[in-house]
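4 protein chains.
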Amino acid sequence: MIIVVSPEATPDDLDVIIKRIEETGRQAHLSVGQERTIIGVIGTDEPGLEDIFQALPRVESVHRVTRPYKLASREFHPADSVIDVGYGVKIGGTELAVMAGPCSIENEEHIFDSARAVKAAGANILRGGAFKPRTSPYTFRGLGEEGLRYLHAAGKAHGLPVITELMSVRDIDAVCEYADIIQIGARNMQNFMLLDEVGRVKKPVMLKRGLSGQVEEWLLAAEYIMAQGNPNVILCERGIRTFETAYRNTFDVNAIPLVRELSHLPIIADPSHGTGKASLVTPVAMAAIAAGADGLMIEVHNNPDHALSDGAQSLTYERFASMMRSVGAVAAAVERTLPGVWASASA
Amino acid sequence: MIIVVSPEATPDDLDVIIKRIEETGRQAHLSVGQERTIIGVIGTDEPGLEDIFQALPRVESVHRVTRPYKLASREFHPADSVIDVGYGVKIGGTELAVMAGPCSIENEEHIFDSARAVKAAGANILRGGAFKPRTSPYTFRGLGEEGLRYLHAAGKAHGLPVITELMSVRDIDAVCEYADIIQIGARNMQNFMLLDEVGRVKKPVMLKRGLSGQVEEWLLAAEYIMAQGNPNVILCERGIRTFETAYRNTFDVNAIPLVRELSHLPIIADPSHGTGKASLVTPVAMAAIAAGADGLMIEVHNNPDHALSDGAQSLTYERFASMMRSVGAVAAAVERTLPGVWASASA
Amino acid sequence: MIIVVSPEATPDDLDVIIKRIEETGRQAHLSVGQERTIIGVIGTDEPGLEDIFQALPRVESVHRVTRPYKLASREFHPADSVIDVGYGVKIGGTELAVMAGPCSIENEEHIFDSARAVKAAGANILRGGAFKPRTSPYTFRGLGEEGLRYLHAAGKAHGLPVITELMSVRDIDAVCEYADIIQIGARNMQNFMLLDEVGRVKKPVMLKRGLSGQVEEWLLAAEYIMAQGNPNVILCERGIRTFETAYRNTFDVNAIPLVRELSHLPIIADPSHGTGKASLVTPVAMAAIAAGADGLMIEVHNNPDHALSDGAQSLTYERFASMMRSVGAVAAAVERTLPGVWASASA
Amino acid sequence: MIIVVSPEATPDDLDVIIKRIEETGRQAHLSVGQERTIIGVIGTDEPGLEDIFQALPRVESVHRVTRPYKLASREFHPADSVIDVGYGVKIGGTELAVMAGPCSIENEEHIFDSARAVKAAGANILRGGAFKPRTSPYTFRGLGEEGLRYLHAAGKAHGLPVITELMSVRDIDAVCEYADIIQIGARNMQNFMLLDEVGRVKKPVMLKRGLSGQVEEWLLAAEYIMAQGNPNVILCERGIRTFETAYRNTFDVNAIPLVRELSHLPIIADPSHGTGKASLVTPVAMAAIAAGADGLMIEVHNNPDHALSDGAQSLTYERFASMMRSVGAVAAAVERTLPGVWASASA
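Residue numbers (full-length UniProt numbering), protein chains in the order written: chain W, 1 to 347; chain C, 1 to 347; chain U, 1 to 347; chain E, 1 to 347.
Okay, chain W solo, but in the shape it has when bound (with noise of 0.2 Å):
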């Protein structure tokens, strides 16, 4: 930690500085320049440090010089990790995941159907939501509970694992009964009770990002999960919230690779809510292999103007079947291949 004091300090406030300093264990070292003088705080950067060494007087900044998070950082742990989903399904190597489905789980036909679809179009794992975080309470919220069952049976019939969104800790057996891997929904990705929570079991969490996350905030996110022992976490760019209107999120690519840089763990695609709008899903997916995610979760729906939610988003099955066209040609141009039929083809 680095601490820039003001000019106007004196002597008194420098060593009330430092005092403060050793007090928590740590050594001050000084350089007096000629506009300011600086200290360097010589000890582990722990965080809430920041916090204490900005509340004392004549203080002017203060800048942490290493990462706040630690299990999640490619610092402690160089290779990439690959997360094993059940089923034979791997997210973090060369294969790409590709995850689909409807956004609501609408009923035991419905999602059966789309497992078979999207599974036909080469998907490898089934999204659907049983549990729904919808803005205005008055919307369909999900089936709940019997949602799960459907899911979790539906992807048994076609040999996909599942994924689906926790929302409340009231609902963790549940769904670490019938999921795959446990998604933490954007509007979740600091509700730091669900994230311990989440770090306590043992099943692969997905964690998209917020909102307005930044990116050292989402990892630190992930680090919470990890700090409780659970270190099956992957995490997903589902576009960001700015000042532009002309679609629903803005799909951040950039930091796609900062957080390969940053991190050893996979990362996940969304331009279904990335982009808010189908014809811009399957441009946005292709951008994000090229970019280098390990995957894509995608909205589809056999019927989207009759959807219980996100219809604008989603992809008719010919849609995604085309879709993964697409992403196949430039996957191959960053050396990565589809899953399911296509792998099956390429074998």
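Hints were generated in silico from the structure; no laboratory data involved.
Just to be clear, a hint being listed does not mean it is correct.
You can't tell identical chains apart in this list, so a pair holds if it fits in one copy or across any two.
Here are the computed lysine to aspartate or glutamate pairs in the EDC-like style, where the Cα-Cα straight-line distance is at most 16 Å [stated by the list, open to error]:
#1 Lys277 / Asp15
#2 Lys277 / Glu261
#3 Lys203 / Asp84
#4 Lys70 / Asp45
#5 Lys202 / Asp45
#6 Lys19 / Asp173
#7 Lys70 / Glu318
#8 Lys70 / Asp80
#9 Lys277 / Glu60
#10 Lys70 / Glu35
#11 Lys202 / Glu23
#12 Lys19 / Asp305
#13 Lys277 / Glu50
#14 Lys202 / Asp84
#15 Lys156 / Asp12
The hints should help you fit chains C, U and E onto chain W, whose structure is shown.
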């Protein structure tokens, strides 16, 4: 709801759209303009319809004509809500509410001393965190239930209702037992399960605006609580996340008069989080009262550089007392009164 | 300047960095910590150095320790600047500046009538646009030089200094001839060539903050003007662009006390653009004065729905007069006085 | 245009609104719904009308139904525009445009060497700044006209058209004399006077998106240029300003397919500014091409830590050549070809 149709739409496309509108139990009312056909949807603007119509082919845009919240709206409830939070304190009337205290409850003695000091300076509600949302898992996260007991006792000893944050449904019973006002933090503004649960209790709830929460989403979050039967919702503007890095958050003063226009619910300003910098707290507190806020929430600590959290934005006891004097002058200018010792003084 | 070096750096990497520092005529001061090596650069923090050091191999981050502007800083010039704009009006003292008038100068009669009305309500500076920055090329773009002449004449007739926007270096002579204060609009905050040129004249310049201008960039834009020899710079906060769509811009009230901390230059608030909505102008004007602004800029139009631009945010004459009364009460609470007829009234 | 009227509107209020609509030469078409009255305005959606109707009493919201730009829109001009920039280079066809070179022209030898190196790696357009927009007035601001001459000569020597930024109308003749493409920088996207003037010349213009420019505003800025008679506009996405501080800007990949949907103009990606970090340039360049960009603009410097500006985001010659190989693989996947030496290679 109004649907704007693309100029390429054929009569068959229009039929598809009209049929879908009729399936929802509504009527379509066409206006064929020179450049676009516009369809008025006759019937209530239920949330979720927007998504459905947006997903129809050749639909260019969908415009809602009514607000998506009802219980929280001033249209539905024209008079200001005034919420009784105990110990004779009411939020939303002529007298301002002043919530003050440390960010975290650090120990029994400290919260008692804080209660005494903030009361002496004119606060009428005691704040203190027992469960702390922290960006890093490695920082102090609060004393938990032990902290709640200290807070409750300190409030009782000094005749002050107390407010504290609830972060997880698991702690709802404990928080309800010890707190007079339940705080929902910015990171949980859209933790819909938590909103549902605090909606089922009758305690006053203070709902902070999320870091990237739009005013409409915030009022919809209030609607979640109210829809479960709890009308005692207090809003709190605490700054939003923008591109500006000179302060921790950007206090959105526009939101104060806008919320008062749209809603009958009281609104509190939190300039401590809204600025993140002690030197800006007093002027922004004054601005918030001038703009029509019903009260303030202020972080106060006897020794900010030894605070276990948020030291850089905490006021000392002396500075808080000085802030109260400055705020008092502005309050008088807008025909509001200060509470506590100031109220007695003027009586 | 402080350079944080990556833990992978070898002694050779450190030598490269030190050599590059020495090439710039500065000295390197190493602190070898447990986790990182930190290099203090001894010598002035010239702008541009950051870029150079950031590009060196194994450099993790570079931190500036001094502010990049000098003439605009309070460190350099501790006392508040008070700027004389003619007709006895001074900006930056105890008396507030109130600039009011129509968005665009529409015709001779209209600007004369506006001058009379705003003066009667207490304004001491007349505003009006002759060159209008419009998002679309197909909207009314102002009367140009003809408008400047009307504005000048209306100001003279009513004893009010006038302010108008300069959009192009081609019009600088005309604007200097007719205006008492040159306005640089938000979209030109970083039109560096224009800043240079208004720096070379001695007229007072009001520099609006850009839609996404950080406070530091804004002060650097002021520095551009001052570096050319013109110390008469007035800042104007007019709202920033955020994710919130409920208002045209988000008025950044934090910027007012922060600018007063960092700089000696006066700061004006423009709640008309800062909100974009007539019903929010008065409360936000009151908030700005409570937070320490040195004055206001307000769009006033006798008939807003016939205004040639910005009708939705314009106050009628009556509403402006009523705003002045409300602002007056807040001004008194912060020991400022209203100008014009109000000053005479209290004399 | 659609006007939504507040439920409190009386028949007299409606009459006022209808009368104002008729004054504009349009007709009002009323739909009286259960909750709101909606008025369709029959006639063209001229820009500026929105403002007028918004200012009417009891108007709740105004919705435009057509796009505000015409010449730039794909509706008006369905086929892709292909722009000839000289030396046989065309932008907007199957072959990608690759603009590369140093941020600033530093001296004659340096720009000649840069031209040679980027051409050898496959660039087909040479970039270099003679007039540099710099946040601080104290940094290197370019060689001015001398730089233009070096750039022109270097382009000519190596058979490459050249692009350089025009910052002021004062320099338009010099820039037109020496450059093949005039660049309008992000900070000048809404410098409307400059847009008008480059609209009056026939040179190709590359218009960068502003730091907080919405896609619609950007296309309107293009419309400014086209409305003056210059159809040769090339758009350039260079990253937007968001809350994320891990990179200098956030490259907005969504904008690429959206612009292609809305407009016929070619679009170039600038991942150097879009990321601000050399390690992210290659993956984001690949992403942009995968998403449909018509080319790239890349900062290249033989010795980034001695660059006079933007060193941290510049690629070395080697790294640029390596980027071209990676981009080539993605280009092939989307049926685009690389230019320059790569084109000859494949011929």
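Check: How do Lys202 and Glu23 come out at 16 Å by Cα distance, when the copy is not named: within, between, both, or neither?
Finding: neither (39 Å within a copy, 45 Å between copies)
Next item on the list: Tell me, please, which holds for Lys277 and Glu50 at an alpha-carbon limit of 16 Å: within, between, both or neither?
Entry: For Lys277 and Glu50, only the inter-copy Cα distance (13 Å) is at most 16 Å; the intra-copy one is 41 Å.
Notebook entry, point to check: Between the shortest in-copy and the shortest cross-copy C-alpha distance, which are at most 16 Å for Lys70 and Asp80: within, between, both, or neither?
Noted result: within (15 Å within a copy, 47 Å between copies)
Notebook entry, point to check: Is it within, between, both, or neither for Lys277 and Glu261, if the alpha carbons may be no more than 16 Å apart?
Noted result: between (29 Å within a copy, 12 Å between copies)
Check: Given identical chains, is Lys203 near Asp84, meaning Cα to Cα at most 16 Å, within a copy, between copies, both, or neither?
Finding: So Lys203 and Asp84 pass the 16 Å test inside one copy only (10 Å; across, 45 Å).
Notebook entry, point to check: How would you label the pair Lys70, Glu35 (within, between, both, or neither) given a Cα cut-off of 16 Å?
Noted result: between (35 Å within a copy, 12 Å between copies)
Notebook entry, point to check: Between copies, within a copy, both or neither: which fits Lys202 and Asp84 at Cα up to 16 Å?
Noted result: Answer is within; shortest intra-copy Cα gap is 11 Å, inter-copy 45 Å.
Note to self: At most 16 Å between alpha carbons: which applies to Lys19 and Asp305, within, between, both or neither?
What the structure shows: Answer is between: at 12 Å across copies they meet the 16 Å cutoff, but 66 Å inside does not.
Notebook entry, point to check: 16 Å Cα cut-off: does Lys70 pair with Asp45 within a copy, between copies, both or neither?
Noted result: Within. Shortest intra-copy distance 12 Å satisfies the 16 Å Cα cut-off; inter-copy 32 Å does not.
Item checked: Identical-chain pair category, Lys70 with Glu318, by Cα at 16 Å -> neither (43 Å within a copy, 33 Å between copies)
Next item on the list: First find the shortest C-alpha distance between Lys277 and Asp15 inside one copy, then the shortest across copies, and answer within, between, both or neither for a cut-off of 16 Å.
Entry: For Lys277 and Asp15, the Cα distance exceeds 16 Å both inside one copy (59 Å) and across copies (23 Å).
Next item on the list: Evaluate Lys156 and Asp12 at a C-alpha cut-off of 16 Å and name the case that applies: within, between, both or neither.
Entry: Neither, since 70 Å and 41 Å both go past 16 Å.
Comparing the model with each numbered hint stated earlier shows that hints 1, 5, 6, 7, 11, 15 do not hold.
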